[in-house]
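Chemist: Residue numbers (our numbering), protein chains in the order written: chain L, 180 to 531; chain D, 180 to 531; chain W, 180 to 531; chain R, 180 to 531.
Warning: the hint list may mix true and false statements.
The list cannot tell twin chains apart, which means a pair is met if one copy fits it or any two copies do.
As the list claims (entries may be wrong) - Restricting the straight-line Cα-Cα distance to at most 25 Å, the calculated cross-link-like pairs of lysine-lysine (DSS-like) are:
id, residue 1, residue 2
1, Lys-453, Lys-220
2, Lys-456, Lys-219
3, Lys-294, Lys-463
4, Lys-294, Lys-271
5, Lys-220, Lys-433
Keep in mind the hints are simulated off the structure, nothing from the lab.
There are 4 protein chains.
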Amino acid sequence: MIKVGIIGSTGYAGAELVRILMGHKEAQIVWYGSRSYIDKKYYEVYQNMFRIVEDICKDDNLAELCEQVDVIFTSTPQGYLAGVLNDEILSKVKVVDLSADFRIKDVDVYEKWYKIEHKSPQYIEEAVYGLCEINRDKINGNTRLVANPGCYTTCSILTAFPMVKEGLIDVNTLIVDAKSGTSGAGRSAKMANLFCEVNENMKAYGVASHRHTPEIEEQLGYAGNCSVTINFTPHLVPMNRGILATEYATLKRKADGSLPTYDEIRAVYDKYYKDEKFVRLLDKGVCPETKWVEGSNYVDINFVIDERTGRIIMMGAIDNLVKGAAGQAVQNMNLLFGLDEAEGLNLVPCFP
Amino acid sequence: MIKVGIIGSTGYAGAELVRILMGHKEAQIVWYGSRSYIDKKYYEVYQNMFRIVEDICKDDNLAELCEQVDVIFTSTPQGYLAGVLNDEILSKVKVVDLSADFRIKDVDVYEKWYKIEHKSPQYIEEAVYGLCEINRDKINGNTRLVANPGCYTTCSILTAFPMVKEGLIDVNTLIVDAKSGTSGAGRSAKMANLFCEVNENMKAYGVASHRHTPEIEEQLGYAGNCSVTINFTPHLVPMNRGILATEYATLKRKADGSLPTYDEIRAVYDKYYKDEKFVRLLDKGVCPETKWVEGSNYVDINFVIDERTGRIIMMGAIDNLVKGAAGQAVQNMNLLFGLDEAEGLNLVPCFP
Amino acid sequence: MIKVGIIGSTGYAGAELVRILMGHKEAQIVWYGSRSYIDKKYYEVYQNMFRIVEDICKDDNLAELCEQVDVIFTSTPQGYLAGVLNDEILSKVKVVDLSADFRIKDVDVYEKWYKIEHKSPQYIEEAVYGLCEINRDKINGNTRLVANPGCYTTCSILTAFPMVKEGLIDVNTLIVDAKSGTSGAGRSAKMANLFCEVNENMKAYGVASHRHTPEIEEQLGYAGNCSVTINFTPHLVPMNRGILATEYATLKRKADGSLPTYDEIRAVYDKYYKDEKFVRLLDKGVCPETKWVEGSNYVDINFVIDERTGRIIMMGAIDNLVKGAAGQAVQNMNLLFGLDEAEGLNLVPCFP
Amino acid sequence: MIKVGIIGSTGYAGAELVRILMGHKEAQIVWYGSRSYIDKKYYEVYQNMFRIVEDICKDDNLAELCEQVDVIFTSTPQGYLAGVLNDEILSKVKVVDLSADFRIKDVDVYEKWYKIEHKSPQYIEEAVYGLCEINRDKINGNTRLVANPGCYTTCSILTAFPMVKEGLIDVNTLIVDAKSGTSGAGRSAKMANLFCEVNENMKAYGVASHRHTPEIEEQLGYAGNCSVTINFTPHLVPMNRGILATEYATLKRKADGSLPTYDEIRAVYDKYYKDEKFVRLLDKGVCPETKWVEGSNYVDINFVIDERTGRIIMMGAIDNLVKGAAGQAVQNMNLLFGLDEAEGLNLVPCFP
């Protein structure tokens, strides 16, 4: 049985980790870290866990934690893990970091977009970007540190990945217009996230400045073996969960000037995703809906070719707390420990 | 492996049965009945089931169905099962009926409240009212027909049951003010259930005339061994799932004129529910919230004593599609086949 | 032109006052008080007011404010007005208080339920409880201080008033089960009011202890000329605006033991409300819905007689920010200054 | 007093016309047309209008209607008006058509996108596209037929208009990603619009095929004096009202290769909109939110320049039922009859 510690277990992503791990046959949470609720019963913070979790919230004493667990999930504010990580920790436990601290290889880019100094750049190189469908072969028993991808980025990258990888689109025309439920904003008490401010409302935010932009660019750059600069615009939607990414790019034309056909592009998507358990390429003509993946680790993807404009419109949907955070973190843990990648993640989407 | 047939598998309750049974280790759905979608792939009706269910929707040919399955769930309009049930069916398969056809023992009461003629009253007597926590000992391998309780009734009865059973309240003062999410209204295309009609709105309906009233009265009557006449008022709430019942009753005073204490009443609730897996008596002062049970088979219950008025206010919350329909139906199936009552029902509530 | 000052103009009720007064022909806001946003443009706090309100938020310097305005609305936390009110203020301006400070005549009751000391009990006696439909004749040019009723109380009292006034119900059986949208919780940043905590959720709160209880009891006591003790249970509903009160009481029977008829009770409601502009008695069989009054000053009321239990179920719906707060405050202002009571309040409900 | 007839008064847009015209000082509705509810009281269809509208719904007898009114609003399915319009009608009354029948000048384009035959193409030429801010000078006492713009198109066009008009963007790079509340889908009982299908869900629809696409292209083509082909992707959002358009286009660079500055582009927007009552250019850095225009005729617009990609991101928000339908129709009526363009439209946005 893998022993698990969670730092930041009382945020929404942390709580989703707890929910998912309750159904994991090979893992057991032994440390519910939560600086805000030390000594409080976990179920008093999340009453849905009443009679399910009897543990008390603990602090984030990493030295002690390292002695008790096999893997640590850090679902913490940006900068936390970079500030405390050291060789001793990495020698004793595996770390899956749900924050952005080790996602971006170029520390200058990190510091510019996140506006904080990176305190342990020496670990960036070895950290594996944990987008399992793409980096699966780098995540195994030898891996010490996994940078769990962001919610928007997971959805945005997977939706466009085969097109970029195969060089079928002009990457510099790529525009990602993303829409997210409000749990992505976290559980802290901010006026902007009050029910009456979000409900019956919709807005863009972080326009041309959102921190997930360089993360998408870096990963798609690896895929296309080129530099990628995109527009990424997140929007806040009055729903709890779900991210929908609508992505636009100009298709490269064939030698005869014609566009690739639906079947040709479908074959490319199939090439990468046909055998992926958690990626569902929908039938032709069916647009992804966030509700169809709610509570599950699926990414639903489809695309439409617009003959008039020569563009492809790609659409992807995930549950931001599952595939966009806790579910993917567990998927990474499964890979780290050589388990069935889907263990604990056979979650059937809940509708309605 | 128990073979399962569902008649009405494309309604919301039917779809929840499918979701739950996907995680049941001893049961397998072999017949997805849906008169409206015959020959259509099930996942085309519920895209959340894409890549999970590959079956085609079938008709409701019970003669054929009986040959193929061990148990039939009927999630059908009132009157359907009563219209088709016969000895042959009951000799071959067990039936768990999610409609109201066999819930009420007095056929006149049924016909008066439901305004339809009962076509097979001969089976009413043997049907067991499948409120597992109360009638568990009557649901076993010998039982042929289970009347799965209504959503409002499950919540309303369980919330008040210990008080009525122990004679601690004046049952004729009992008032049940219940609030339900919109999935309780089903998936049929009615203007009153359009998003724009329900969203940002709240109303009572079926005031003093809702069909769940006699069902609650009958069952609480058995509990209290007395005649019970109550007010039951359902309300429609702009949320997908969840029922909250707020119940009011005058406490019987002790010989010295004093009211029972919190601890005394708590002890009574504990007597009946302490060992019940799916009933959670919340800590003192914590009011049930529907979100805390969403997606699970739990009933969360608590109460407050009002010294000023001498009344007890009892509150219960369930997920109307789980404990109020499909979850309880599976719980009944487990009892019918001698399985662990919780098999397939270890569902952790999803929050947020 | 009446000059208006608002203390607490950046809360939800304050903002609704601003919205309503924009359409008032005889009043002009000259002081937007907001301790939290001093020197900030009002529209920066409420962008819906961009290009409509150009004013800057000011402090709550009452001495100065008194010199500039004819009437002050205080939409402030409990205890604020009681702490600052004095003879000079009342000699210069009229005050409409949207807080609870002067609603309850018995200072002990106030202090017990609100758990704060009342700092100026000497003004309680003269304060008029501003439920216009009932106390209209006490609100005029001579009135200095109006205690604007609470949101739940406005709805709860008006729904039951004729029945209590005419002695048709046993007041001690009265139970008020009320449901409110989330704007009633105000605009302060509390975790419990975050979108993800309220959305898809429903709960009771303040059970047997909510502060609006004694206010309802006092006013219905005046109506019935008797002591009234009730159960009042508020619930939080995932919608922005709206209160629905469902009220239960045992009907007094006639000498022959029969219940009053629908027409008889309807005549009683008509007696009090037929000529009331803002009270709409719905047609027989139509239940009030909060959406039908949204954005307006209406109270929609109806009732059902349950012959089986001998109870009447009364239902009332208001917009908590309009008739439950700002609209009624303006209605009171109109009465104070001898204007048409409906000036500025001809607001057509917005649907959907 | 202008006498108004509405054909289709019981759809959501028709009902919004009624709401708005209740506050219009120079117009009076004398004909509430509704084929579905003939002889039913209007308020029985929209209970918010109880005690406000006492009229009965009538058929769509245009011959009779023409004798009684000065202007007809047709809020009807596509093809209706084209099927019944004739010279006699146009000789007697003015017509403001909220359907798409006369919006598109090229009948082939209309027939291709709408997939219906246009029954009276002879009136297309004279119909004025009623986007008041742009075509104001063509809408006056001589105009007989106004094609009221679509909801998505109003928002999409106004948001990009100054940029296209002044040739500051490469129009062929224009991408419009639009999000709409559910009232845009109308009041007909369709399963896809049920509360439980829309709530907690988000999806794109009509990708590369939505009918508002050619309408946007045509109007922006007039603005830019060029052919325009765009991608337009609508999305369904779980809220009642509101459209948010997020638009992307590549900025033309200056001779020196630099991008235009924020101030330069702001000046262009100001040139067209500074004096427009219903267009609000927000302060720098403030993104439009649909809630801030709810219930009003405003369009809130802003933009961000992305130096990294050389694109401008333009954002616009409207209430789809007001500026996107009924409000703009009334604005057109005001122009047709020489009234103050804002009469009846001084609607303050409602928040929250």
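Chemist: Take the hints in turn and mark each one as holding or not.
Modeler: Hint by hint, here is what the structure shows:
1. Proximity of Lys-453 to Lys-220 under the C-alpha cut-off of 25 Å is restricted to the inter-copy arrangement: shortest distance 20 Å between copies versus 44 Å within a copy.
2. Only between protomers do Lys-456 and Lys-219 lie at most 25 Å apart by alpha-carbon distance; the minimum there is 24 Å, versus 38 Å within a single protomer.
3. Taking the shortest alpha-carbon separations for Lys-294 and Lys-463, only the inter-copy value of 22 Å comes in at or below 25 Å, while the best intra-copy value is 43 Å.
4. In this homomeric assembly, Lys-294 and Lys-271 never come within 25 Å of each other (Cα to Cα): the closest approach is 31 Å inside a single copy and 53 Å across copies.
5. Taking the closest pair of Cα atoms, Lys-220 and Lys-433 never come within 25 Å of each other, the shortest separation being 62 Å inside a single copy and 36 Å across copies.
Checked against the numbered hints above, the structure violates hints 4, 5; every other hint is satisfied.
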